[in-house]
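**Q** Given chain H, work out where chains W, Z, U, L, V, A and R with the ligands should sit, using these hints.
Number of protein chains: 8
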Amino acid sequence: VRGGVPEAILGDGKTPAEVAALAATAVETTGRVIATRVTGAQVAAIRRRLAADHPGTTIRWRERSNVVVGHAPDFEPPRLEADVGIVTAGTSDAVPAGEAAAIVGEMGARVGRIDDVGVAGIARLLDRLDDIRAHDVIIVAAGREGALPTVVAGLVDVPVIGLPVSTGYGQGGDGEAAALGMLQSCTALTTVNVDAGFTAGAQAGLIARQLDAARGKRP
Amino acid sequence: VRGGVPEAILGDGKTPAEVAALAATAVETTGRVIATRVTGAQVAAIRRRLAADHPGTTIRWRERSNVVVGHAPDFEPPRLEADVGIVTAGTSDAVPAGEAAAIVGEMGARVGRIDDVGVAGIARLLDRLDDIRAHDVIIVAAGREGALPTVVAGLVDVPVIGLPVSTGYGQGGDGEAAALGMLQSCTALTTVNVDAGFTAGAQAGLIARQLDAARGKRP
Amino acid sequence: VRGGVPEAILGDGKTPAEVAALAATAVETTGRVIATRVTGAQVAAIRRRLAADHPGTTIRWRERSNVVVGHAPDFEPPRLEADVGIVTAGTSDAVPAGEAAAIVGEMGARVGRIDDVGVAGIARLLDRLDDIRAHDVIIVAAGREGALPTVVAGLVDVPVIGLPVSTGYGQGGDGEAAALGMLQSCTALTTVNVDAGFTAGAQAGLIARQLDAARGKRP
Amino acid sequence: VRGGVPEAILGDGKTPAEVAALAATAVETTGRVIATRVTGAQVAAIRRRLAADHPGTTIRWRERSNVVVGHAPDFEPPRLEADVGIVTAGTSDAVPAGEAAAIVGEMGARVGRIDDVGVAGIARLLDRLDDIRAHDVIIVAAGREGALPTVVAGLVDVPVIGLPVSTGYGQGGDGEAAALGMLQSCTALTTVNVDAGFTAGAQAGLIARQLDAARGKRP
Amino acid sequence: VRGGVPEAILGDGKTPAEVAALAATAVETTGRVIATRVTGAQVAAIRRRLAADHPGTTIRWRERSNVVVGHAPDFEPPRLEADVGIVTAGTSDAVPAGEAAAIVGEMGARVGRIDDVGVAGIARLLDRLDDIRAHDVIIVAAGREGALPTVVAGLVDVPVIGLPVSTGYGQGGDGEAAALGMLQSCTALTTVNVDAGFTAGAQAGLIARQLDAARGKRP
Amino acid sequence: VRGGVPEAILGDGKTPAEVAALAATAVETTGRVIATRVTGAQVAAIRRRLAADHPGTTIRWRERSNVVVGHAPDFEPPRLEADVGIVTAGTSDAVPAGEAAAIVGEMGARVGRIDDVGVAGIARLLDRLDDIRAHDVIIVAAGREGALPTVVAGLVDVPVIGLPVSTGYGQGGDGEAAALGMLQSCTALTTVNVDAGFTAGAQAGLIARQLDAARGKRP
Amino acid sequence: VRGGVPEAILGDGKTPAEVAALAATAVETTGRVIATRVTGAQVAAIRRRLAADHPGTTIRWRERSNVVVGHAPDFEPPRLEADVGIVTAGTSDAVPAGEAAAIVGEMGARVGRIDDVGVAGIARLLDRLDDIRAHDVIIVAAGREGALPTVVAGLVDVPVIGLPVSTGYGQGGDGEAAALGMLQSCTALTTVNVDAGFTAGAQAGLIARQLDAARGKRP
Amino acid sequence: VRGGVPEAILGDGKTPAEVAALAATAVETTGRVIATRVTGAQVAAIRRRLAADHPGTTIRWRERSNVVVGHAPDFEPPRLEADVGIVTAGTSDAVPAGEAAAIVGEMGARVGRIDDVGVAGIARLLDRLDDIRAHDVIIVAAGREGALPTVVAGLVDVPVIGLPVSTGYGQGGDGEAAALGMLQSCTALTTVNVDAGFTAGAQAGLIARQLDAARGKRP
Ligand SMILES: Nc1ncnc2c1ncn2[C@@H]1O[C@H](COP(=O)(O)O)[C@@H](O)[C@H]1O
Ligand SMILES: Nc1ncnc2c1ncn2[C@@H]1O[C@H](COP(=O)(O)O)[C@@H](O)[C@H]1O
Ligand SMILES: Nc1ncnc2c1ncn2[C@@H]1O[C@H](COP(=O)(O)O)[C@@H](O)[C@H]1O
Ligand SMILES: Nc1ncnc2c1ncn2[C@@H]1O[C@H](COP(=O)(O)O)[C@@H](O)[C@H]1O
Ligand SMILES: [Mg+2]
Ligand SMILES: [Mg+2]
Ligand SMILES: [Mg+2]
Ligand SMILES: [Mg+2]
Ligand SMILES: [Mg+2]
Ligand SMILES: [Mg+2]
Ligand SMILES: [Mg+2]
Ligand SMILES: [Mg+2]
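Residue numbers (the numbering used here), protein chains in the order written: chain H, 1 to 219; chain W, 1 to 219; chain Z, 1 to 219; chain U, 1 to 219; chain L, 1 to 219; chain V, 1 to 219; chain A, 1 to 219; chain R, 1 to 219.
For the record, the hints were derived by calculation from the structure and aren't laboratory data. Keep in mind the model is a prediction, meaning the values are calculated, not measured. We put the CB at the ideal spot given by N, CA and C, even for glycine. All the pointers check out, no bait thrown in.
Here are a few chain W residues that face chain Z, going by a calculated C-beta distance under 8 Å:
| no. | residue |
| --- | --- |
| 1 | G168 |
| 2 | Q171 |
| 3 | L183 |
Label pairs and their computed distance ranges (CB to CB):
| no. | chain 1 | residue 1 | chain 2 | residue 2 | range |
| --- | --- | --- | --- | --- | --- |
| 4 | V | D53 | A | G112 | 44 to 52 Å |
| 5 | L | R64 | R | R124 | 39 to 47 Å |
| 6 | L | R64 | A | D116 | 29 to 37 Å |
Isolated chain H (complex conformation):
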């Protein structure tokens, strides 16, 4: 679909061969492949297949985020006149935050990162407030009690998307408390599922596209 969210292959529960075949089709039809939640074996299969079928494709594996992106030699990435901020509470939030960053980047928006500003030390967050406010839309990733998106949304005037992260153990662990807390937030926060960096990034990308179009109309 021209203009919307790029197709992405979800690695979960697919064999390396299946993922590689889908990747080859994606490169053939769109000049690009994005695959999320991939394993090393799936990435290796993609590399082999694209080397054979689509030589010259540049492949970038963000190992920490389990995302792989491939661009055919002639692929022209989009460029949007819009800034997306990605804020994280701690290092454990890196995986889905990185997934979100990859999708936002592939959709063409500029990505700014503000890391390690969890609510248990609110001063670090306040120190970075100007950085945070310099964006058009903000994704906030947080695990455990997931309070950071609420605090950020109370400090900015732009749309904030909460991204719960599957950290924490015991009652409400694996991101459950974070997800429920974001759904209960008394701010104008929308939420995606636990670890759904793709979804958060894609929604931010869509907002960025709207802004880019609105700005582009300026003569």
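**A** Here is chains W, Z, U, L, V, A and R with the ligands on its own, set in the frame of chain H:
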């Protein structure tokens, strides 16, 4: 806070006197009051109090959505150059959809309604597709299995916000299946909590404000 | 039991030796063995045991669906005058859909497959509508938000059985949202448990048997 | 839609006026109205409205099942050559079983009732086995532990639909244990949601329609 | 028990007569009665009974917190050299916060209140930081996403007890998200059950007693 | 404690060395060791340790039930004048049923087994009814929908203990539906936790001890 | 059924007329009626109906336990040589404990009550230990954290049945924590559902019957 | 932060290299590192890194509790005039109890252990009562039904912190029943999450610091 989401009083669990007092303060400080999830008794108390303290305040009670809005005589409502679509699956979705519409309207965006296009009769939805596509951002309210936001998000190129509605009975009833289904959607959907029309509307309003600003920059 | 659902061995939680013994008994008493949710080790044990005890048994392992079927040389498979359609949303639905297909086939009905018609791209579904409508009863497998059975049931006039699939992660993952969504469907859908391809297939097979009998009464 | 499941109005969460308006529209467009989960006030509103707008409409209120059905004077109810059995475990199952019976009847199939044969006294069930077996498709309603559908499905060769009932208290109460038990059944049972008599009846009606058509083809 | 937590009558699920009888016994044996979660009818019964049996007892009903306390004429309330702070996020937290305050007060500690400093407007919280820090132990009540105790615990060096409040609706409502969020907190927070103001207050009171004793040892 | 339930070591979450040390202590103080939910490595460690410290101890490992029992040379096992029946629905119930049998046996009662009489084929159960009725107390193990204990309790006049088994997948899997179904049973059934063969066996053993004592009082 | 658990009518979800009709049938066929979880209106209807149809029936309403029992003039209640102890943690446990006591009494065993010995004050429990130990089988009712049955089972050598009570609020409230705690007990405890006094009493009664028979065999 | 809870690295979900880097930073900035929930590989990486970067650091790995602590040569551990008791129900509670002990110790308080006093054998607990009472604040770890903290809190006059442990299987297993039971406790107990020894220890340490300060003020 100038520019962001307007304050709103949540009626749940407050006495009529408390709601009325908060309403008077709101009118005094901002020229406006918005209260959601209000009962008839709360609305009556607001009316009495504002008639006494702030005569001339116009009060509008959207009874079907349990929202009441009051404007002081000199209040100047904002006007945004942006369109928000609100889509519902069936008549039971009217309450939170109306709540969302009220907030979007108070934030100054234009609101378009596309009702009764639930997924069990996909033809009705397809008939209204052009209407739906004529908006900058779309809120989709749906209860029971909550599939409508996913289907809509697959058909448009703009940001879609899912609004689960507390219909349905038995396993997954009261909006649980709808909320989980929206969180599991394979589209770029963000979600708010069950019946959280305010949140959906406020997020749509923030996106509208960004678009308005972007468009406004045109000379 | 003559006429009803064929016995099937559930591989889960049994040792290879136990499954093999049950398989040998099944072939001895009914001329056929069906085993579901089997591992490679269980299949190997079955093969060895049947080669020893029941030479000549043809064995077919649908590895992708974890189903193994064996027919003694003289086994006469049933043939029913009825068509069962199996519809899937995406490739992750292949495992339980294949399990259902195997059971339907063993019960003697004709099986038609309509794959990759998930609700996020409703056009692909509408393109295949005539194919879908060409069946007497339809099984629809879908994971994540599990909306496809509802959409299909709104488009056809025959019984539809929803088969939730254990895909998705986070809140409502592993098929929970899909199962709850199917139970909440506002159509005439019945449901089976998550990944219960056997059950969906067996119920479809029983309907096919009734239809076959009704048609067979025609002189 | 000609041939499929008749439209039905769900009373839950609608005002009497809304239900009455929908009923009038239904009689006007199809000659019939079916409303489920209705209150006395809703039924009164329907009666008044239809008396005014569609005089001569015969109205039948199954008070015990909260179902109301109205036929315009010229409405010709369908007649199917098929028998649906409805089995209940105890008197508390009467409400959803009656809802199912109403829908099956409106779809034109013959309805047979076998009541009070719960699994705690298996002898009563076995006494009625011939009655049960005299049907083409069987709905089995049961609350609390919900075991009856499994036992019945083990005794017959035709499709069985489990209908969990919202009885029971404490852990697994309100039909949860019954619904989960039916989903876990090791027979070829399909299930509907708790108290979803409409859904069970509609699916049984669809199977009956298929059988009627198959039988009708006989010269 | 001399020195520990005072006995309190839990009004839930008792008749007015039962509560009144228990109150009379408490005054007789300890000179004091504390009853929580009481209804108006229960308070009236207590008043009547104590007026008859223990004339002169002073009774104080904190209606907003559903707590009633009675002191016999000769009852000598304890006085502890310790300060307990009670912090609330919003007005809905008043009920359990007031319950906690009542217990702390009856145990003899000084109570300081810091209200309306919810995390969605972090500036208000920071404005009150010196007030908050002026206590030996702090109870923080918060509903919905329940993030306030975590933020406070990150800002002070004394023990903080989280008190989740049964506000919020939809997924994680009625205090569930708040309770899970506090259990997931990455600070040194301990937690009590939803609305368990008594428990939070009693634990704070026990810490205050320990501090009082330690301070008392000073010559 | 003389007379009551024998101590048993729960293998879960202990190292082989810890289990072996506990086993040695048990043999030393009581002449016997019983360990449940043991792994092969734990059993090996027990064997080595007892061979060294308590030569002559006879060790019996019921591998299928993960139970190991050791008797010192001079240990005199109890003998009770009472019969405990253990009924299973299918082969997957063997593990906890065997655990229960081991405990009952160690407490001295006679154990009778009635296997493979699941409710999906009620005839097999009725065939074994006399066998079942020949016991003083009956444990019934069943997984998935867990209906067998209810059916058995409706057919006998003696105490029945339901033992839910962790079979089944999807919604209500891993014994949840079975446990909830037994708790909801409309018979005089008591229940133990999922797979808690030890508990079921110990309670049956205690009843057997009471009966033995009552019978023993006969001159 | 001669000898087993007496039939009892469950009042929940039945109209007064239905309960009264079932009561009349019960008196007619067995000389006795037992109805549990009854409302005042149901009891009144029973009284009127039995006065008319079965004059002379003595009716006893245990209002605090919502149990009503009627004996026809010639009904001979059973008498068993066995003692059942019923232990409660607090006054809120009275309702299900009373229900259990009524059933045990109707089955003919002697009932001993040991009340108000909750685990938060273990001394009161130890004071009553001889009383508790003077029974053949013990039912222990406890709400909130439900620990009392475990403590009791650790102190006696006879069968203990845990009866969780629907007290408590917040997370694990309404008896959930109590039920789960009893299922997790490391003693030989069996459990019934929350508030299921009937089930606990009936199981205790069955054990009493077995003991009575064993004792009766003494010459 | 001077004075409060020491920073600790949570090993969960971090690579060995990441944990080692964080450890090096901690030693550099504070002279100490504490890491919890660590694996052997993480400990090895820490050792290697500190040996290289901070030679002379003494490292202590409490393998049974998965805690590693490192002190730089010049690190001066705090010493508090306060006693924290740590009580466990059984050997499975050792892991989180040890984690709590490590944190308390690092904060400078004296730690006393009272082990193996679970509620199923209340006599062992009463035997140790004087030992338990000799502390200023008490942490009680318990799994399965988690009743021990309630019983202890009923026997002492000082603050008690419940620490639920992830033992138990089936319904309410993995610490769920224990956590819910502690939240439902009718004593003045506060609770931390399942296995959250760090949190329990840190809160106890904060109370100890307050007491130390209060005692220190004595001239
Ligand atoms: N990490 C992700 N999380 C959620 N959705 C995803 C993710 N990656 C891809 N998707 C969506 O899932 C679809 C792919 O599903 P599949 O057909 O199973 O590969 C894509 O079109 C995306 O819309
Ligand atoms: N994949 C499956 N899912 C659900 N039920 C199954 C499946 N395969 C077999 N069954 C049913 O489970 C029964 C076998 O259970 P078992 O005795 O454990 O082998 C068969 O008779 C089937 O009715
Ligand atoms: N399989 C089992 N299931 C439930 N409880 C058990 C089991 N085996 C032993 N137990 C009980 O748990 C206690 C042992 O717990 P532990 O101290 O962890 O070894 C024993 O005293 C038994 O009462
Ligand atoms: N075992 C533990 N359980 C709970 N919280 C912990 C634990 N260990 C460390 N923490 C807290 O979690 C924070 C570390 O989180 P992280 O940034 O992911 O390393 C520390 O500052 C502690 O407050
Ligand atoms: Mg956070
Ligand atoms: Mg919908
Ligand atoms: Mg789907
Ligand atoms: Mg039933
Ligand atoms: Mg909050
Ligand atoms: Mg079963
Ligand atoms: Mg208790
Ligand atoms: Mg315990």
